[in-house]
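Asks: So you can see what is in the structure, the chains are spelled out below.
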Amino acid sequence: MLRSIKTKVLLLIVGIMLATALILVYFTKRDVGEAVLGMEEKSIRNAMYLIKLNVENEYKSLLFHKIAMLTERKEQMKSLAAVVMAGINDYQQLAEQGRIAEDEAKRLALDSIQKLRDESGAHFFVYDEHSVVLGHPNPALIGQDLSSLKDVKGLSLFDSMLKKSMREGDGYASFSWDDMNTGNTTKQLGYFVFYPKWNWMIATAIQTEDLEQEAEKKLNLVIKELKSTFDKTQIAKTGYLILFNGKKEILIDPRNSADALLAAKDPSSGELLLDKFMAAAKHPEQPIKYLWDDPSNTEDGQSRYESYAEYFKTLNWYIVSVARESEIQTPAKTVVLRQTLFIAVIFAASILIAYFLVKGISQHLKKLTDHAKQLPAHDFSAPETELPKIEQLAVKYKDEVGKLAEAFLFMEASLQQYIQDLKETTAAKERIESELAIARDIQMSILPKLFPAFPERPEFDIYATVKPAREVGGDFYDFFFVDESHLFFALGDVSGKGIPASLFMAVSTAFLRASATRGVNLDEVMARVNTKLCAGNDTCMFVTVFCGLLDIRTGEVICSDGGHNPPLLIASKDGVDFLHARKSSALGVFEDMRYYTQEFVLKEGDALFLYTDGVTEAMNTEDELYSEERLKESILELRDRPVKDITREMIERIEEFARGAPQADDITMLVLRYTGPAS
Amino acid sequence: MQQSRMKCFCRLLAMICAAAWMSFSSPVAEAAGENRQHTIAVSQFIKHPALDALLRGFMEHLESAQIPVKYVVHIANGDQALNESIARDIGAENPDLVLAISTPSSQACLKVLPNTTILFSAVTDPVGAGLVESLSKPGARITGMTDMSPIEQQIKLIAGLVPELKTIGVIYNNNESNSVSLVRIIEQECARQGIGLVKKAVGNGKEVATAAQSLVGNCDAIYAPTDNTVVSVIESVARICAKHRLPLFAADVDSIPRGAVATLAIDYYSMGRQTGRMAERIFAGEAPSSMPVEWQEDLRIHVNTKAAEVMGVELPVDLLQAADVIYDSFPE
Chain A
-9 MLRSIKTKVL
1 LLIVGIMLAT
11 ALILVYFTKR
21 DVGEAVLGME
31 EKSIRNAMYL
41 IKLNVENEYK
51 SLLFHKIAML
61 TERKEQMKSL
71 AAVVMAGIND
81 YQQLAEQGRI
91 AEDEAKRLAL
101 DSIQKLRDES
111 GAHFFVYDEH
121 SVVLGHPNPA
131 LIGQDLSSLK
141 DVKGLSLFDS
151 MLKKSMREGD
161 GYASFSWDDM
171 NTGNTTKQLG
181 YFVFYPKWNW
191 MIATAIQTED
201 LEQEAEKKLN
211 LVIKELKSTF
221 DKTQIAKTGY
231 LILFNGKKEI
241 LIDPRNSADA
251 LLAAKDPSSG
261 ELLLDKFMAA
271 AKHPEQPIKY
281 LWDDPSNTED
291 GQSRYESYAE
301 YFKTLNWYIV
311 SVARESEIQT
321 PAKTVVLRQT
331 LFIAVIFAAS
341 ILIAYFLVKG
351 ISQHLKKLTD
361 HAKQLPAHDF
371 SAPETELPKI
381 EQLAVKYKDE
391 VGKLAEAFLF
401 MEASLQQYIQ
411 DLKETTAAKE
421 RIESELAIAR
431 DIQMSILPKL
441 FPAFPERPEF
451 DIYATVKPAR
461 EVGGDFYDFF
471 FVDESHLFFA
481 LGDVSGKGIP
491 ASLFMAVSTA
501 FLRASATRGV
511 NLDEVMARVN
521 TKLCAGNDTC
531 MFVTVFCGLL
541 DIRTGEVICS
551 DGGHNPPLLI
561 ASKDGVDFLH
571 ARKSSALGVF
581 EDMRYYTQEF
591 VLKEGDALFL
601 YTDGVTEAMN
611 TEDELYSEER
621 LKESILELRD
631 RPVKDITREM
641 IERIEEFARG
651 APQADDITML
661 VLRYTGPAS
Chain X
-5 MQQSRMKCFC
5 RLLAMICAAA
15 WMSFSSPVAE
25 AAGENRQHTI
35 AVSQFIKHPA
45 LDALLRGFME
55 HLESAQIPVK
65 YVVHIANGDQ
75 ALNESIARDI
85 GAENPDLVLA
95 ISTPSSQACL
105 KVLPNTTILF
115 SAVTDPVGAG
125 LVESLSKPGA
135 RITGMTDMSP
145 IEQQIKLIAG
155 LVPELKTIGV
165 IYNNNESNSV
175 SLVRIIEQEC
185 ARQGIGLVKK
195 AVGNGKEVAT
205 AAQSLVGNCD
215 AIYAPTDNTV
225 VSVIESVARI
235 CAKHRLPLFA
245 ADVDSIPRGA
255 VATLAIDYYS
265 MGRQTGRMAE
275 RIFAGEAPSS
285 MPVEWQEDLR
295 IHVNTKAAEV
305 MGVELPVDLL
315 QAADVIYDSF
325 PE
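Protein sequences, first through last, are from chains A and X. Just so you know, the first sequence maps onto residues -9 to 669 in the working numbering. Just so you know, the second sequence maps onto residues -5 to 326 in the working numbering.
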């Protein structure tokens, strides 16, 4: 399975894509998720911050409203005082003109001041430089020394105002006034003017409680406006904002869950939620998390909530966002999920595309592979039948697949050409080989092959064999009677191989047969054959020959060695040894060479073993030669065996020795055993 | 404000201020015949906005009262040695009246000048400083005005504006003896009103911000007394307070536009005018011994709405109506 390129490529692609997808999902979850969550939390904080700014602005306008009201009130008092002063001045003028007495003028002035009541609630009183009340709406105060009355600065009101007015003409003061009639203490604002002509201090006083009340009303309006803002402000999906003050009075709760909020506790710590919010307001940027069963949320049971708290210290107000943790996290989760899905889809699509791409490529490869597989079975000699598929690939695709297909086509064309050539060469070779085989047959037919050769002659046993090598060689053996009692035997080896050697061997055999005639000496036979072979031997071929004449009546042997391997003399009693006859030259080398002969006697049971160098030079796979020593040992072991067995056994031993190494040369052996004269 | 705690003394120039001479050009004054020119030697321990305002108020009162005066103004630049040498110089000048502004100047003048009439001002504790035997009977040739802060009222003001007030934090330079005695009074007053006090002593202006930071979370409001070191860097304290919504109150009016929420304080200018009136009485022939030591007739309430807002203080109407000046600014 894993061996196919398709699977490998697909696995690689899937692996890379999977790793990429996992990394993307991981970072999406981590960074995008956190960023979206952060944005959500930031938007809550922004909403709260905007509300806080709103409250700050409202407060500021409230404050300026207070100041404006005060300024207006002060101006009003100043103009009222101006009217009063004008009245007093009128009386003083009258007195100065002598129309009324000064005391009378003062009394009338005081009377009118006491009666004066402005619709704004202002009242007027007069005191002298010793802080003694001269005129006041409350007659009980007249004549009293009020120097102990202090203003908000802790100064003596009458005295400090007297000095200030003397210094600067007029002055304002704030003070508390205990109304003896009602027993109430009221906050008053006073405007003081010095009237130098009578050394009077004229005071205009007005209650300022109403200003506080008006400010309070304004503040309630602010809360009302905020309420509508809070109603419109949605935190996350179902969250909301609440407003309460430091005394834990819920000022705004869009869900009417004030009672529940007051009693709500965080189950983990048992802490009151409002206390938790108040503590959290110290860190408005950090959310607080808690479990709560919010009755305003329709879902049953407790949920995890996340809140931010802002504190507006000036008004001692706390603004708190209340939202489910899950809702705050929802957008982040949604984004992460969507991104993950998106990545998954891309992943799947990529895998699919990759699959088809790889499949497309591997399909062509498979086509080529299949084609290559059936090539051995393809008959290239047959006329072209089916190659169009491969050709199509080569034409259609210019990529590696096309190139491969082209290579296939080229290879096939070359193969066809090669097979054609091969066929022709083989035909020629077969023809030559069959001719060679015929030559070999002819060559072998020259040698006597019928054994036992002379069944009617009990005096000796003779056996010879040739194990030809791959090529036609030049080994030969021969034996025949030159007269009734003399057996001529020979064994030779022509130099070289092939047809020339085989022809030379045929010629040599023919010459030997022709020369070995009755009555002729063996040295003459050799010399004659030598002369004939030398004549016209342009190819410089030669032949080594060992030949002999056996007198079957006595066992006497005359032999001549023409450059051949020494034969083995197998003495029935004395063992086996090489017969070192006097060496003469090989035949066909030089003309007019003298050939020596040697005589010896074969006793009954003795034998001669003739062989060519194909025996001693047989080679095994380790390049070891069979050697004369091994030959001698083998013959020693085989000496008592029949002649045919000796040759057969020798061939087996040589084959065994060679261990499958190819036979390089003809192996030719001849065994002649003298069994004694015929009885 | 007094400068008696200045450690570093440097050599100074006596500054001669132009003489104000109205009567030469005023035939009415000439006709009156009593308006002969008086010489007043001023010994001021250090140049400081409050003390400068006092001197200005003094001069302007006498000018408006059409009393011709020739001034010789000496400023010791906080140098005690120079302060005493100034006193000796004044002896050589033989002025009609010496105006000694601040405790060290008053003490030096009293010590060096055996016969000259001395009018002091901006002295926190004249009895404690050895200037007078008692406030009601000051002595044969010396009288003046005390600038003792209205600490009781100030603490009441703070308590009124900070509903949750339990502890006040105070920063002062413990090398300034005047501050040390102020803090002692503040401590007594807080104890009397049942309010806790956290004291942070500093050695120089650089330590003030650190001290303010360390007060965050340990008190409900910070009170900056009339301490030169603290007042000189009041903006940095204000910024820290604004950051932590901790109300800052001052004991002088100049600190209000610089970031403190409110003060009930002596107005040194009007104190100068009041001192000027005392000088007028002396020139009119009244004996100093019959003039008790006076205290500021008028106190000023200055409020900063912006500071109140950033420090989370709600300003009630009665405070706004009593305020002499309302600021709406905060140091950047």
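Hints were generated in silico from the structure; no laboratory data involved. Take these hints with a grain of salt, some might be off.
What the hints assert, rightly or not - Each pair of labels, with its calculated beta carbon distance range:
#: 1; chain 1: X; residue 1: Val210; chain 2: A; residue 2: Lys140; range: 58 to 68 Å
#: 2; chain 1: X; residue 1: Arg178; chain 2: A; residue 2: Asn79; range: 51 to 61 Å
#: 3; chain 1: X; residue 1: Arg239; chain 2: A; residue 2: Ser51; range: 18 to 28 Å
#: 4; chain 1: X; residue 1: Glu158; chain 2: A; residue 2: Glu86; range: 54 to 64 Å
#: 5; chain 1: X; residue 1: Val210; chain 2: A; residue 2: Glu239; range: 36 to 46 Å
Glycine residues also receive a C-beta, built at the ideal position from the N, C-alpha and C atoms.
Asks: Indicate, hint by hint, whether the structure satisfies it.
Replies: A quick look at each hint next to the structure:
For the pair X:Val210 and A:Lys140, the supplied restraint of 58 to 68 Å is violated, since their beta-carbon distance comes to about 35 Å. A hinted range of 51 to 61 Å holds for the C-beta pair X:Arg178 and A:Asn79, which are about 52 Å apart. At roughly 20 Å, the beta-carbon separation of X:Arg239 and A:Ser51 lies within the given 18 to 28 Å, and the hint holds. Hint check: X:Glu158 to A:Glu86, Cβ distance near 59 Å, so the stated range 54 to 64 Å holds.
Distance hint check: the CB atoms of X:Val210 and A:Glu239 are about 28 Å apart, inconsistent with the given range 36 to 46 Å.
When each numbered hint is compared with the structure, violations occur for hints 1, 5.
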